[in-house]
Amino acid sequence: EAQVTQNPRYLITVTGKKLTVTCSQNMNHEYMSWYRQDPGLGLRQIYYSMNVEVTDKGDVPEGYKVSRKEKRNFPLILESPSPNQTSLYFCASRRTSGSQQSYEQYFGPGTRLTVT
Amino acid sequence: RKEVEQDPGPFNVPEGATVAFNCTYSNSASQSFFWYRQDCRKEPKLLMSVYSSGNEDGRFTAQLNRASQYISLLIRDSKLSDSATYLCVVRGIKAAGNKLTFGGGTRVLVKP
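Top to bottom, those sequences are chains A and B. At position 39 of the first sequence (counting the first as 1) the number is 92 in my numbering, and the numbers step up by one without a gap. At position 61 of the second sequence (counting the first as 1) the number is 103 in my numbering, and the numbers step up by one without a gap.
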């Protein structure tokens, strides 16, 4: 089954304690991305990766890091989480070229993060 | 001005009725368009692509108006299960990495 997986699904942590949210896809997609979703603000892109070892900032990258050492994995790292990073996070993947249908973006189930 | 704008709603729709809503985009060079559906606290999923000539998928019809820079979604014979948030998505040009930009979503509540 084609899917994007994220772990953990729920996380409560304290300010300053480093954490990593993992993301993995089994569709051999080149493009992977992280979003955060907040009420009234919609989905905002944090970082994206066009392929292995190629990452770039999205619209709200401050306070986050990513890496893309393997095609299937794209972890999101919060070195020193703060309460304003409390949010619902989605990982996503898709192809980078082809017909319009090939741009369908597949999302993981989401990670609900609370930073106290 | 936001790149992709939607009326947040909610649109309260009686079961069986028709509902339609629009999404406007600011970049005239946008390449392609989509509607995604998101259920509460779940991940967004592709509902349908939007083609220049308009397209239909069962009870759902999507239209694109490039001149006025908007897309629309119409739902006929609304079902209770259509209650969700509908996200408008616009793909940018290749030079910008084919970036997908999401609207804030339109919430639809179908009631008995």
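These aren't lab readings, by the way, just hints derived from the structure by calculation. Honestly, I wouldn't trust all of these hints.
[What the hints assert, rightly or not] Pairs of lysine-lysine residues, derived as DSSO-like cross-links and limited to a Cα-Cα distance of at most 27 Å, are as follows:
1) A:K122 / B:K44
2) B:K44 / B:K84
3) A:K110 / B:K87
4) B:K136 / A:K122
5) A:K110 / B:K153
6) B:K44 / A:K71
7) A:K71 / A:K124
8) A:K118 / B:K136
9) B:K84 / A:K124
10) B:K136 / B:K44
11) B:K121 / A:K110
12) B:K87 / A:K124
13) A:K118 / B:K84
Hints, verified against the model:
1. A:K122 / B:K44: Given pair K122 of chain A, K44 of chain B is violated - Cα atoms ~34 Å apart, limit 27 Å.
2. B:K44 / B:K84: holds (24 Å)
3. A:K110 / B:K87: holds (24 Å)
4. B:K136 / A:K122: holds (24 Å)
5. A:K110 / B:K153: Measuring from Cα to Cα gives roughly 41 Å; hence the hint is violated.
6. B:K44 / A:K71: With Cα atoms ~33 Å apart, K44 of chain B and K71 of chain A exceed 27 Å; violated.
7. A:K71 / A:K124: Since the Cα atoms of K71 of chain A and K124 of chain A sit roughly 24 Å apart, the hinted pair holds (cutoff 27 Å).
8. A:K118 / B:K136: holds (25 Å)
9. B:K84 / A:K124: It holds: about 25 Å lies between the C-alpha atoms, which stays within 27 Å.
10. B:K136 / B:K44: Given pair K136 of chain B, K44 of chain B holds - Cα atoms ~20 Å apart, limit 27 Å.
11. B:K121 / A:K110: violated (40 Å)
12. B:K87 / A:K124: holds (22 Å)
13. A:K118 / B:K84: holds (24 Å)
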